[in-house]
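Undergrad: Take the sequences, apply the hints, and build the full model.
Protein sequence lines, in the order shown, are assigned to chains A and B.
Sequential numbering of the first sequence, starting at 0, is according to numbering that gives the first Met the number 0.
Sequential numbering of the second sequence, starting at 0, is according to numbering that gives the first Met the number 0.
If you're looking for bench data, these hints aren't it; they were derived computationally from the structure.
Because the structure is a prediction, the values reported are computed rather than measured.
Hints should not be assumed to be uniformly reliable.
A pair holds if it fits inside one copy or across any two, identical chains being indistinguishable in the list.
[To be verified] Computed cross-link-like contacts, BS3-like style, restricted to lysine-lysine with a CA-CA straight-line distance of at most 30 Å: (1) LYS253 to LYS198; (2) LYS253 to LYS235; (3) LYS49 to LYS200; (4) LYS279 to LYS130.
The lines below spell out each chain.
2 protein chains.
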Amino acid sequence: MTNVFVIGLGLIGGSFALDIKSVYEDVEVYGIDTDEEHLSQALDLGLIDKKAQPKDLEKADTVIVAVPVSTSMKLLPGILDVVRDDTVVFDVGSTKSLICEVVADHPKRRNFLAAHPIAGTEFSGPSAALKGLYKNKVNIICEVEKTAFKLQEKVLKLFTDIGMRIRYMDPASHDRHIAYVSHLSHISSFMLGKTVIEKEKNERDIFDMAGSGFESTVRLAKSSPAMWAPIFEQNKANVIETLEEYIANLQQFKELMQKGDFNAIYNEMENTNRIKEILKGMNVTAS
Amino acid sequence: MTNVFVIGLGLIGGSFALDIKSVYEDVEVYGIDTDEEHLSQALDLGLIDKKAQPKDLEKADTVIVAVPVSTSMKLLPGILDVVRDDTVVFDVGSTKSLICEVVADHPKRRNFLAAHPIAGTEFSGPSAALKGLYKNKVNIICEVEKTAFKLQEKVLKLFTDIGMRIRYMDPASHDRHIAYVSHLSHISSFMLGKTVIEKEKNERDIFDMAGSGFESTVRLAKSSPAMWAPIFEQNKANVIETLEEYIANLQQFKELMQKGDFNAIYNEMENTNRIKEILKGMNVTAS
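TA: Following this line, the structure appears as structure tokens:
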């Protein structure tokens with residue numbers, strides 16, 4: 000019997016629990032969550048087999064840390080302190096530099112693997128967990144060489160068994176790229192939602208005139224602030240850079256409109272249309 | 000036998016053709032398109048029964064003008080010139096003020112209805128036409144009182160028969176509101192696509208790290224420049240206003256990040272989370 004501990008029973012942790020239970024028979028999934036209600040809900044939904052406490056972590060073969068990135072940074076050293084030598088601990092956070100730093104000199108650094116599964120939805124909490132969420136999704140692993148070889152093997156087998164594709168990257172590159180393809184999208188969506196809500200005091204107008212295009216661009220504005228504020232904080236420099244470039248592009252678009260240069264606007268859009276080909280390529284990844 | 004003429008066999012016109020053919024038996028659908036290839040494709044796909052020429056419009060009982068808004072403005076007076084007194088002509092454009100102006104003094108103004116079906120996808124051309132696209136979607140009608148009562152009745156029956164819900168609005172309000180819930184979304188998406196493409200010269204990185212969140216926010220950047228450049232031109236003042244507010248909100252978010260005020264950032268996101276409730280309300284509309 001393998002004991003898997005999931006710390007944080009939200010969308011990401013809960014979905015790992017579901018997938019692990021569906022591909023392995025001989026596994027017991029323990030849940031740890033400071034939110035007692037979430038923990039009970041996770042048990043009721045069958046995400047976990049048993050509730051557990053941090054002191055039970057010595058029983059763990061695998062530990063999944065699926066809490067906001069700021070909490071991960073606080074918890075990880077203590078988790079590594081108590082786990083056994085043959086236990087592998089991995090996190091799933093959307094930023095990787097600071098998390099790698101905080102464990103860099105830990106005596107059990109080799110028990111840790113830094114991971115970022117590119118999967119999720121705008122929903123959160125145990126009820127948002129989805130079976131099969133990780134199928135065909137990319138999992139970005141940072142500093143793989145710092146994890147003990149046997150534990151690498153074990154955890155990469157787990158990722159592969161639930162259908163993930165593995166990519167290796169250094170933490171700084173990860174954080175720089177992910178600012179563009181994920182963090183910026185969330186800000187653009189939140190600010191779009193804000194702009195429309197502020198203007199349209201009469202919500203009936205939004206309700207009736209908005210179509211699927213608006214719904215799609217504003218979808219990420221449903222995301223959890225508890226998860227996202229720490230991500231923006233940890234990836235501050237990169238995110239500010241992407242925001243500056245995004246704002247400059249919007250500004251330039253606005254100036255073209257003010258000048259009435261709609262040929263240039265046509266060209267801007269046509270050049271950006273090649274996102275079609277890029278998105279076609281990533282269809283395997285996206286849900 | 001009723002003769003319906005569809006001018007412009009793209010996503011919107013083609014989908015009207017499909018829905019009309021599926022709800023009415025006694026109807027012949029004629030297609031007009033300056034793009035000979037699109038016209039043939041529309042025939043092959045069964046969107047239309049026959050190819051037609053502008054001179055055939057005198058046979059029309061109903062005319063659907065589904066071309067870019069700039070083209071609609073050019074074509075509409077000439078279309079009204081040739082149709083019969085009992086023919087109804089409607090457009091489907093995403094801007095309504097200028098189109099209403101251009102026909103305001105036409106002797107056949109009462110044969111025209113200004114409509115904006117809130118439906119569509121990011122795809123274009125005859126092959127993008129979808130049966131059932133309009134089911135449960137809102138159709139915004141402007142200046143309904145300027146259309147002959149019998150023709151209102153006829154065309155509103157058509158909209159209702161294919162499953163649409165009708166809302167009435169004056170053209171200026173339409174253009175102001177739609178700038179927020181549709182036009183701005185398209186710009187935010189195009190500029191997001193542009194920002195990421197510019198930065199990520201190595202497309203493999205986008206390909207592998209982008210998830211469904213990015214795909215969702217950038218989806219509208221696949222849209223047709225031929226359709227959208229004229230919309231931005233016709234709704235210039237409103238769109239510039241929304242862009243200024245959007246840029247100001249992004250700027251403020253960036254400044255909060257620079258100051259390191261992540262509590263304020265948390266609050267910004269939490270306040271905007273109520274988009275959840277708004278989107279829940281509009282689920283009927285969105286595809």
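Undergrad: Compare the structure with each hint and give your call.
TA: Hint check:
1. With identical chains, the CA atoms of LYS253 and LYS198 are at most 30 Å apart both within one copy (19 Å) and between copies (21 Å).
2. For a Cα distance limit of 30 Å, the shortest separation of LYS253 from LYS235 qualifies both inside one copy, at 26 Å, and across copies, at 10 Å.
3. In this homomeric assembly, LYS49 and LYS200 never come within 30 Å of each other (Cα to Cα): the closest approach is 47 Å inside a single copy and 47 Å across copies.
4. In this assembly of identical chains, LYS279 and LYS130 lie within 30 Å of each other by CA distance both inside one copy and across copies; the values are 24 Å within and 24 Å between.
The earlier numbered hint that this structure contradicts is number 3, and it is the only one.
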